[in-house]
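Chain residues, written in single-letter form:
2 protein chains.
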Amino acid sequence: MAHGLAMVLGRADLTVVVNTADDFEHLGLHISPDLDTVCYTLAGLANPFTGWGQANETWEFLAALEKLGGEVWFRLGDRDLATHVERTRRLQAGETLTQVTRAFCRVWRVGPRVLPMSDDPVHTVVVTPGGELAFQDYFVRRGCEPIVSGFRFEGIETARPTPGILEAIKGAQMVVICPSNPWISVDPILAVPGIREALKSRVVVAVSPIVGGEAIKGPAARMYRQLGIEPSPLAVARHYDDLLTGLVLDRRDEAKAEQIEHSGVRVLVTDTIMQTESDRGRLAREVLAYSI
Amino acid sequence: MAHGLAMVLGRADLTVVVNTADDFEHLGLHISPDLDTVCYTLAGLANPFTGWGQANETWEFLAALEKLGGEVWFRLGDRDLATHVERTRRLQAGETLTQVTRAFCRVWRVGPRVLPMSDDPVHTVVVTPGGELAFQDYFVRRGCEPIVSGFRFEGIETARPTPGILEAIKGAQMVVICPSNPWISVDPILAVPGIREALKSRVVVAVSPIVGGEAIKGPAARMYRQLGIEPSPLAVARHYDDLLTGLVLDRRDEAKAEQIEHSGVRVLVTDTIMQTESDRGRLAREVLAYSI
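Quick note, the sequences are listed as chains Z and C, same order. Here the working numbering is used: the first residue of the first sequence is 1, the next is one more, and so on. Here the working numbering is used: the first residue of the second sequence is 1, the next is one more, and so on.
It is worth saying that the hints were derived from the structure and are not from the lab. Be aware that a few hints might be false.
Each pair of labels, with its calculated beta carbon distance range [claimed, not checked]:
1. Z:Ala93 <-> C:Arg142: 18 to 24 Å
2. Z:Lys200 <-> C:His26: 24 to 30 Å
3. C:Arg141 <-> Z:Glu214: 53 to 59 Å
4. Z:Ala93 <-> C:Glu154: 22 to 28 Å
Pulled a few chain C residues facing chain Z out of the computed Cβ check, cut under 8 Å [to be verified]:
5. Gly28
6. Lys67
7. Gly70
8. Leu81
9. Ala82
10. Arg152
11. Phe153
Quick reminder that beta carbons are idealized off the backbone N, C-alpha and C, glycines included.
Whole structure, please, built from the sequences with the hints as guidance.
In structure tokens:
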């Protein structure tokens, strides 16, 4: 979705704010999975099949690490690894995550401004009946198997929005909440003190990540169910609650449109599943045209 | 040379003690260049052309790091990198360098016991007219260009020999000082408190790293010259001084044999330049046969 918006808008007209509550330390490296996926995608470097990592990646490092008995549950490709090593070095040298991201985006020729939600550490903790799990432990190592009973964002109370986010929101004609996981990818951003308040006066349009009762990708639908909520665009509308000006639904969920509009949220029904680059551009154009 | 000895001797009959004063921290990783070269060589993984790193290495990580503006003066291949990452993780988890090396040698099927000279940190400092330089700064980044006026081994006073070294020396029929750089590869080992003393009662045979006034490899000859000493097997004999029982010279230096024998050191003259695996085995056999 961000890629679609980047294709349609000029580089100065788009700011992409990215979740960093998935960030974690692994093998002594600072890894920012969501930032990397967004930047690699905007740079045209992303692996289109996995949804993470780089295309045409090689795996010599990981194969050698596995032989030595190292930790290989988090898949680090040879080129991807350079991102983490250089990010870690720069952070240790005193740069902020925002500065590092800006430098990388310059190298990768990423047009739009990409901002981590905060330069302060925030860590998603997944609450399960068996106890709390660090996010990547739940997500990658345990393959989203444990049942979820809630989430905590450790450090969120004292996290400050990255410089530029509040200004970008204030100056925005429109804020698009991309069809990402509401619980673990969008909620942390909304929970950074100041961001939700700034959004209240804006045109905010979400694209539903739930289509036909299932998530486009990842565990969002399963999380809704485990938390006792039927996964649907209606659940998404309720999730974002009073923030939303509009919600974009897939045609398969057209039947839910009326009920959502009753709650005061405008609805756009279209094809929301993006399989090609042109799908991304088309959806971005429709979303932008609809709300202006 | 160590590889030749390993080919000739049974795995239980050889202990290889390796310099760790070249070890340094780079990109947050603990790198042990000499240990790696020795282990890779004994494992059949070494790059025969460079003298460091692994054969058939790939460089995707380094190429990506260079694009990001990272530090690439120390060449880390994709597979080699796994060694440093896993070593660093284990050291941080509390293992000693000796334990890490043992675990790696098991994976790599290295027969002989390989012991770092010490588990305590020692750092070679190169003294130059322009000031002191960290070893890898001198050796790799500045390509051994600065003039050398001396060496210091920081931390050597409190370094303890790795458990097993003194016992191995005491039980050894023979100690071979391989044709490595006397100033920076052998001297640090000899300077670890206790090692020189333990050697005094043993049969110690050095193979001269200086052949025809030049070093077989690396800056040893240049260092001798810069320190005001003519590089020759005689200089090597004087370097190791009263430790030596015998010195192995190349045929090209046969003329020096008499003078060296005058100083009470037995001399073996043979072909000392090892270009093939069979050269290594042959030299090892000759050295072992000569002194028993």
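Hint check:
{"no.": "1", "hint": "Z:Ala93 <-> C:Arg142: 18 to 24 Å", "result": "holds, 22 Å"}
{"no.": "2", "hint": "Z:Lys200 <-> C:His26: 24 to 30 Å", "result": "violated, 49 Å"}
{"no.": "3", "hint": "C:Arg141 <-> Z:Glu214: 53 to 59 Å", "result": "holds, 55 Å"}
{"no.": "4", "hint": "Z:Ala93 <-> C:Glu154: 22 to 28 Å", "result": "holds, 24 Å"}
{"no.": "5", "hint": "Gly28", "result": "holds, 5 Å"}
{"no.": "6", "hint": "Lys67", "result": "holds, 6 Å"}
{"no.": "7", "hint": "Gly70", "result": "holds, 4 Å"}
{"no.": "8", "hint": "Leu81", "result": "holds, 5 Å"}
{"no.": "9", "hint": "Ala82", "result": "holds, 4 Å"}
{"no.": "10", "hint": "Arg152", "result": "violated, 27 Å"}
{"no.": "11", "hint": "Phe153", "result": "violated, 27 Å"}
The structure fails to meet hints 2, 10, 11 from the earlier list, while all remaining hints are met.
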